[in-house]
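Asker: Please work from the sequences and hints to get the whole structure.
Each residue of the sequence shown is one higher than the one before, counting from 1 in my numbering.
Calculated directly from the structure, the hints in this document are not laboratory data.
Treat the hints loosely; a few may be bogus.
Taking CB as the label site, the calculated pair distances span [as the list claims (entries may be wrong)]:
#	residue 1	residue 2	range
1	Gly264	Phe460	57 to 63 Å
2	Val379	Lys329	28 to 34 Å
3	Thr325	Lys413	28 to 34 Å
4	Lys131	Glu154	23 to 29 Å
5	Phe460	Gly314	51 to 57 Å
6	Gly604	Tyr97	54 to 60 Å
7	Ala383	Lys413	26 to 32 Å
8	Asp478	Asn385	56 to 62 Å
9	Asp211	Lys329	39 to 45 Å
10	Thr553	Phe460	45 to 51 Å
11	Met432	Thr541	23 to 29 Å
Subject to a maximum C-alpha distance of 20 Å in a straight line, what follows is the list of computed SDA-like cross-link-like pairs (lysine to any residue) [what the hints assert, rightly or not]:
#	residue 1	residue 2
12	Lys410	Ser333
13	Lys664	Thr625
14	Lys512	Thr541
15	Lys164	Leu548
16	Lys531	Pro511
17	Lys304	Ser357
18	Lys126	Asp139
19	Lys213	Thr43
20	Lys413	Trp387
21	Lys117	Ser357
22	Lys581	Pro511
23	Lys467	Leu548
24	Lys213	Trp179
Keep in mind that this is a model prediction, so the values were computed, not measured.
The beta carbon of each residue, even a glycine, is placed where N, CA and C say it ideally should be.
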Amino acid sequence: MYSMRSILIFLAVAGTILTGYSQTEKEQAKVYMEQAELIMAETRAIDDARDLMVTAANLDPTNIKANFEAGHYHIKTIGKDLAVKYFLRVYELDPNYRFDLEFWIGQSYQYGLEFDKAIDFYNRYKQRLAKRPNYLGNDRVSPAVVDRAIYECENGKEYVANPKNFSIVNIGREINSEWDDYAPVFNESEDQVIFTSRRRDGNMNQNVDLDNKPFEDIFIARKVNGQWTAAENIGSPINTPYHDSNLALSADGQTLFIYTDEGGGDIYYSDRQPNGTWGAPVPLPGIINSSYEEKSITISSDEKTLYFSSNRPGGYGGLDIYRATKDAKGEWSNVKNMGPKINTEYDDDGPFIDYDSKTLYFSSKGRKGMGGFDIYKSVFDEATNEWSEPENLGYPINTPDNDIYFVSTKDGKRAYYSSVREDGLGYDDIFMITIPQPVIAAKEPEKLPEPEPEIEKQKFPLRYQVKVVEAGSGRPLDARVRLQGLRDNLVVPGVSGELGTMEFMIRAEEPKDYRLSVELEGYAFVNQNLKLEGASEKERTITRTVELRKLTTGVVSVLRNIYFDFDKATFRTESYTELNKLERMMAENPNLKVEIAGHTDAIGTAAYNKLLSQRRAEAVKDFLTKKGIDPRRITAVGYGKTRPLASNDDEEEGRELNRRVEFKVLGN
Numbered sequence: 001m002y003s004m005r006s007i008l009i010f011l012a013v014a015g016t017i018l019t020g021y022s023q024t025e026k027e028q029a030k031v032y033m034e035q036a037e038l039i040m041a042e043t044r045a046i047d048d049a050r051d052l053m054v055t056a057a058n059l060d061p062t063n064i065k066a067n068f069e070a071g072h073y074h075i076k077t078i079g080k081d082l083a084v085k086y087f088l089r090v091y092e093l094d095p096n097y098r099f100d101l102e103f104w105i106g107q108s109y110q111y112g113l114e115f116d117k118a119i120d121f122y123n124r125y126k127q128r129l130a131k132r133p134n135y136l137g138n139d140r141v142s143p144a145v146v147d148r149a150i151y152e153c154e155n156g157k158e159y160v161a162n163p164k165n166f167s168i169v170n171i172g173r174e175i176n177s178e179w180d181d182y183a184p185v186f187n188e189s190e191d192q193v194i195f196t197s198r199r200r201d202g203n204m205n206q207n208v209d210l211d212n213k214p215f216e217d218i219f220i221a222r223k224v225n226g227q228w229t230a231a232e233n234i235g236s237p238i239n240t241p242y243h244d245s246n247l248a249l250s251a252d253g254q255t256l257f258i259y260t261d262e263g264g265g266d267i268y269y270s271d272r273q274p275n276g277t278w279g280a281p282v283p284l285p286g287i288i289n290s291s292y293e294e295k296s297i298t299i300s301s302d303e304k305t306l307y308f309s310s311n312r313p314g315g316y317g318g319l320d321i322y323r324a325t326k327d328a329k330g331e332w333s334n335v336k337n338m339g340p341k342i343n344t345e346y347d348d349d350g351p352f353i354d355y356d357s358k359t360l361y362f363s364s365k366g367r368k369g370m371g372g373f374d375i376y377k378s379v380f381d382e383a384t385n386e387w388s389e390p391e392n393l394g395y396p397i398n399t400p401d402n403d404i405y406f407v408s409t410k411d412g413k414r415a416y417y418s419s420v421r422e423d424g425l426g427y428d429d430i431f432m433i434t435i436p437q438p439v440i441a442a443k444e445p446e447k448l449p450e451p452e453p454e455i456e457k458q459k460f461p462l463r464y465q466v467k468v469v470e471a472g473s474g475r476p477l478d479a480r481v482r483l484q485g486l487r488d489n490l491v492v493p494g495v496s497g498e499l500g501t502m503e504f505m506i507r508a509e510e511p512k513d514y515r516l517s518v519e520l521e522g523y524a525f526v527n528q529n530l531k532l533e534g535a536s537e538k539e540r541t542i543t544r545t546v547e548l549r550k551l552t553t554g555v556v557s558v559l560r561n562i563y564f565d566f567d568k569a570t571f572r573t574e575s576y577t578e579l580n581k582l583e584r585m586m587a588e589n590p591n592l593k594v595e596i597a598g599h600t601d602a603i604g605t606a607a608y609n610k611l612l613s614q615r616r617a618e619a620v621k622d623f624l625t626k627k628g629i630d631p632r633r634i635t636a637v638g639y640g641k642t643r644p645l646a647s648n649d650d651e652e653e654g655r656e657l658n659r660r661v662e663f664k665v666l667g668n
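Answerer: Right, dumping it as structure tokens:
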């Protein structure tokens with residue numbers, strides 16, 4: 001059965017730590033670590049083990065094993081960039097603790113887009129390898145893997161420095177969950193989405209697989225009046241008690257292609273019945289399925305050609321993408337490997353053939369990418385009968401983590417895919433990409449004499465410096481500083497200067513909204529929205545000083561980027577970045593106890609406002625507890641309209657300031 005997080009945390013903590021307040025933090029850390037190891041040995045519930053190990057590492061920063069495992073569990077789950085903090089602690093205490101320690105530090109820096117630091121540690125690891133070329137321990141990483149990682153970092157530097165003009169947003173909580181949600185497929189009118197999820201709620205099987213996650217099930221959501229309804233399990237006969245994943249939907253929306261566990265992993269299909277239900281899935285006719293795994297599929301709009309991935313023998317390595325055509329009997333035949341133009345020695349997966357039947361999108365771990373699966377595009381040339389050299393879709397679509405299952409809409413204005421991103425709800429989430437459309441030129445006017453060409457004036461980027469100091473003392477702090485686009489989430493590369501200083505070069509042509517986030521263990525995080533000018537004809541420098549306040553009793557901080565739907569206690573999608581930072585702060589400070597305070601403006605009755613603010617404060621608490629934070633560390637209080645920050649008159653700006661959530665430190 002499910003290893004319920006609340007039960008696990010309770011068993012690990014209530015039965016040990018809370019029975020002995022006299023224990024030192026080192027002793028408490030040891031108990032947390034032992035409980036994490038027990039959970040991994042008995043249930044493989046790595047998320048619960050990670051949370052316990054993180055608590056142990058933060059209770060005792062000198063515990064080398066707890067800190068290494070905290071970092072390692074982060075790398076294996078989510079928050080991969082957070083692993084660097086724990087790995088660096090180990091490195092400072094004992095750089096020889098593990099042979100591959102520098103490699104793991106490089107990995108966590110790479111996930112955090114800090115490519116130069118990643119390359120530095122990868123090279124340190126290569127130097128270690130060079131000194132002991134015959135070392136064959138289990139903690140050895142091969143030179144080929146390290147060289148590939150360095151190559152990915154060099155590519156990442158290039159892609160982040162030259163971002164594509166895409167806007168990417170989380171599709172929303174109605175579809176995404178704290179579990180894995182991926183492989184979206186849409187009908188032609190884009191008002192129905194079918195996707196795969198490993199969520200607990202609504203799953204056909206209340207047990208878990210060997211990785212202690214729920215089995216895959218297929219879910220469906222519908223768009224009503226422009227809003228997605230809550231996703232529902234598509235039910236039987238599509239789903240079974242075991243792994244079921246949707247793969248593709250025919251252009252007319254009448255045939256759903258499904259992955260099942262049968263035959264080592266085969267492709268089935270189901271036809272929509274006249275009453276709107278789905279028929280029982282049957283194996284794909286022809287010679288597509290084999291005794292090996294067939295993992296994903298896409299079908300052309302005329303339903304005469306399909307592309308699928310398989311790890312069958314005879315490929316170039318790992319998963320390869322194959323092509324098949326439908327014969328006169330309606331069966332799939334003439335299976336051919338797509339060749340080295342598409343496939344690599346690594347995994348190539350997630351094909352999607354666009355509505356034009358000649359543009360193929362797919363994901364690969366073996367091409368010029370920045371880590372994990374990156375998404376590529378190749379176009380078939382009918383004149384030469386060849387596919388073009390695959391083009392990486394670039395940053396911000398691709399990241400150092402896995403980016404896969406790309407599908408576009410028929411009008412080409414949007415696309416959807418699966419990724420792990422900072423504004424996600426948990427593991428893989430489904431995101432929507434808004435694709436910029438080409439400008440259609442007006443009819444060419446009568447030609448006039450060409451004017452003398454103007455000399456293009458040089459433009460200089462805006463130099464934006466952030467200095468981080470401790471509130472009160474003014475002492476410089478070595479904090480984690482990140483600047484990224486508010487709407488497109490594009491990360492602006494930063495360069496560290498003197499202690500506590502980070503410098504960003506803003507090259508955008510127009511003024512743009514950004515999010516500045518500053519975090520440091522033991523301090524209240526800062527997460528602020530701001531507008532910055534772009535490049536100009538003059539050299540300009542803006543210096544901003546950010547004060548971080550220590551998490552001492554009585555400190556109050558406004559969570560300015562938590563937004564609720566009107567008159568509700570449900571989060572808007574843009575709230576999850578702030579919520580995730582709050583959860584991270586609580587996890588990194590295991591003794592921290594806080595009050596979550598909800599506030600409203602003066603519109604409405606006092607009783608109703610108090611109730612609404614209480615529900616909103618409890619929604620934040622519920623988010624944190626679902627992430628593994630002990631509920632006894634959080635007090636939720638609704639103050640209604642009794643504590644305004646600004647005038648509650650008719651000015652919207654003042655009322656907006658008053659509609660807020662705060663956290664207050666009760667103890668640490």
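Asker: Would you mind marking each hint as holding or not holding in the structure?
Answerer: Now for the hints, and whether the structure bears them out:
no.: 1; hint: Gly264 with Phe460: 57 to 63 Å; result: holds, 59 Å
no.: 2; hint: Val379 with Lys329: 28 to 34 Å; result: holds, 31 Å
no.: 3; hint: Thr325 with Lys413: 28 to 34 Å; result: holds, 30 Å
no.: 4; hint: Lys131 with Glu154: 23 to 29 Å; result: holds, 24 Å
no.: 5; hint: Phe460 with Gly314: 51 to 57 Å; result: holds, 56 Å
no.: 6; hint: Gly604 with Tyr97: 54 to 60 Å; result: holds, 58 Å
no.: 7; hint: Ala383 with Lys413: 26 to 32 Å; result: holds, 28 Å
no.: 8; hint: Asp478 with Asn385: 56 to 62 Å; result: holds, 57 Å
no.: 9; hint: Asp211 with Lys329: 39 to 45 Å; result: holds, 40 Å
no.: 10; hint: Thr553 with Phe460: 45 to 51 Å; result: holds, 47 Å
no.: 11; hint: Met432 with Thr541: 23 to 29 Å; result: violated, 36 Å
no.: 12; hint: Lys410 with Ser333; result: violated, 27 Å
no.: 13; hint: Lys664 with Thr625; result: holds, 17 Å
no.: 14; hint: Lys512 with Thr541; result: holds, 16 Å
no.: 15; hint: Lys164 with Leu548; result: violated, 33 Å
no.: 16; hint: Lys531 with Pro511; result: holds, 7 Å
no.: 17; hint: Lys304 with Ser357; result: holds, 10 Å
no.: 18; hint: Lys126 with Asp139; result: holds, 13 Å
no.: 19; hint: Lys213 with Thr43; result: holds, 10 Å
no.: 20; hint: Lys413 with Trp387; result: violated, 23 Å
no.: 21; hint: Lys117 with Ser357; result: violated, 42 Å
no.: 22; hint: Lys581 with Pro511; result: violated, 26 Å
no.: 23; hint: Lys467 with Leu548; result: holds, 11 Å
no.: 24; hint: Lys213 with Trp179; result: holds, 9 Å
The structure fails to meet hints 11, 12, 15, 20, 21, 22 from the earlier list, while all remaining hints are met.
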